[in-house]
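As given, the protein sequences belong to chains A and B, one line each in that order.
Sequence positions in the first sequence follow my numbering and run 1 to 143.
Sequence positions in the second sequence follow my numbering and run 1 to 91.
Since the hints were derived computationally from the structure, they do not count as laboratory data.
Be a bit skeptical, because a hint or two may be false.
To be verified - Cut-off 25 Å, straight-line C-alpha distance, at most; resulting in silico cross-link-like pairs (PhoX-like, lysine-lysine):
#  : chain 1 : residue 1 : chain 2 : residue 2
1  : A       : K84       : A       : K66
2  : A       : K67       : B       : K9
3  : B       : K89       : A       : K137
4  : A       : K67       : B       : K50
5  : B       : K50       : A       : K137
6  : B       : K89       : A       : K65
7  : A       : K91       : B       : K89
8  : B       : K89       : A       : K3
9  : B       : K84       : A       : K66
10 : B       : K81       : A       : K66
11 : B       : K89       : A       : K96
12 : A       : K16       : A       : K5
Because the structure is a prediction, the values reported are computed rather than measured.
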Amino acid sequence: MGKEKRKILDMLSKGKISVDEAESLLNAISSDHKGPEKNTAGRETRGSSLPRYLRVVVEPGESSKKKERVNIRVPMKLIRSGIKWASLIPKEAREKVNEAFKEKGIDMDFTKMKEEDLEELVDNLRDLTVDVEGEEKVRMFCE
Amino acid sequence: MIPLLFRMKVEQSEKRPIRLFLPVFLIWPVFIPVVIGASPLILLAALVMKRMWHARLLLLIYPVLFSSLWALSGLYVQVEKDDKIISLKLI
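Produce the complete structure using the sequences and hints provided.
Structure follows, in structure tokens:
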């Protein structure tokens, strides 16, 4: 048994903490020790494999008179290469993008964005789920 | 993988579906030698460029273009309107 677990049980036996508190502390320790899993490339994963596609589904809402449906499946590789196109944007244009961001209240320096940052952004897209319900239902997710 | 086939499918109720296969792989043997043949000219143009940015743009265009072409495989678009379904797929 680990030192931390023994200490928690000791505190419980002495009545310093309640059973619930001890349980939550033990859970926190076990999740800390487990740590993030690593894939064959040595990169951290969260138990699931990397998504291969970004799906965009547009369906008519209940109140909508339109009956159009759109289903798009974009490979993640294509998104990554699309980001590489962004690196070809001239500096002057990037500055204009920065200004546009600031006008919208987003304080972000687009010129300082590195390719690694964008890669991380794409990697984290796996957690992305967007559901917009209005006249049309729009769903965005990774699979 | 580089896309080899482009598939287009048009489905309509009470009509036979139309399937169209375009062999994209036939384009590559023509396209790739042209692109490789033009690369010394691109390099020369990059060296001649006065502005560093334009030279960089010319040098980067090849890897970015190829990575985009290679990533196109798997792209799928389906549009459904009334009784018509059109789907496009790069295989």
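These are the hints, each one checked on the structure:
A C-alpha spacing of about 37 Å is found between K84 of chain A and K66 of chain A, which places the hinted pair above 25 Å, so the restraint is violated. The hinted pair formed by K67 of chain A and K9 of chain B meets the criterion: a straight-line CA distance of about 19 Å does not exceed 25 Å. Using a Cα cut-off of 25 Å, the hinted pair K89 of chain B and K137 of chain A holds, with the two alpha carbons roughly 23 Å apart. Of the supplied pair hints, the one linking K67 of chain A and K50 of chain B is violated, its CA atoms being roughly 54 Å apart against a limit of 25 Å.
Only pairs whose Cα atoms come within 25 Å are accepted, and K50 of chain B paired with K137 of chain A is rejected, the gap being roughly 50 Å. Only pairs whose Cα atoms come within 25 Å are accepted, and K89 of chain B paired with K65 of chain A is rejected, the gap being roughly 28 Å. A C-alpha spacing of about 35 Å is found between K91 of chain A and K89 of chain B, which places the hinted pair above 25 Å, so the restraint is violated. Between K89 of chain B and K3 of chain A the CA atoms are separated by roughly 58 Å; this puts the pair beyond 25 Å, and the hint is violated.
Straight-line distance between C-alpha atoms of K84 of chain B and K66 of chain A comes to about 14 Å, which keeps the hinted pair within the 25 Å bound. Of the supplied pair hints, the one linking K81 of chain B and K66 of chain A holds, its CA atoms being roughly 9 Å apart against a limit of 25 Å. For the hint linking K89 of chain B to K96 of chain A, the alpha-carbon distance of about 36 Å lies beyond 25 Å, and the restraint is violated. The hinted pair formed by K16 of chain A and K5 of chain A meets the criterion: a straight-line CA distance of about 15 Å does not exceed 25 Å.
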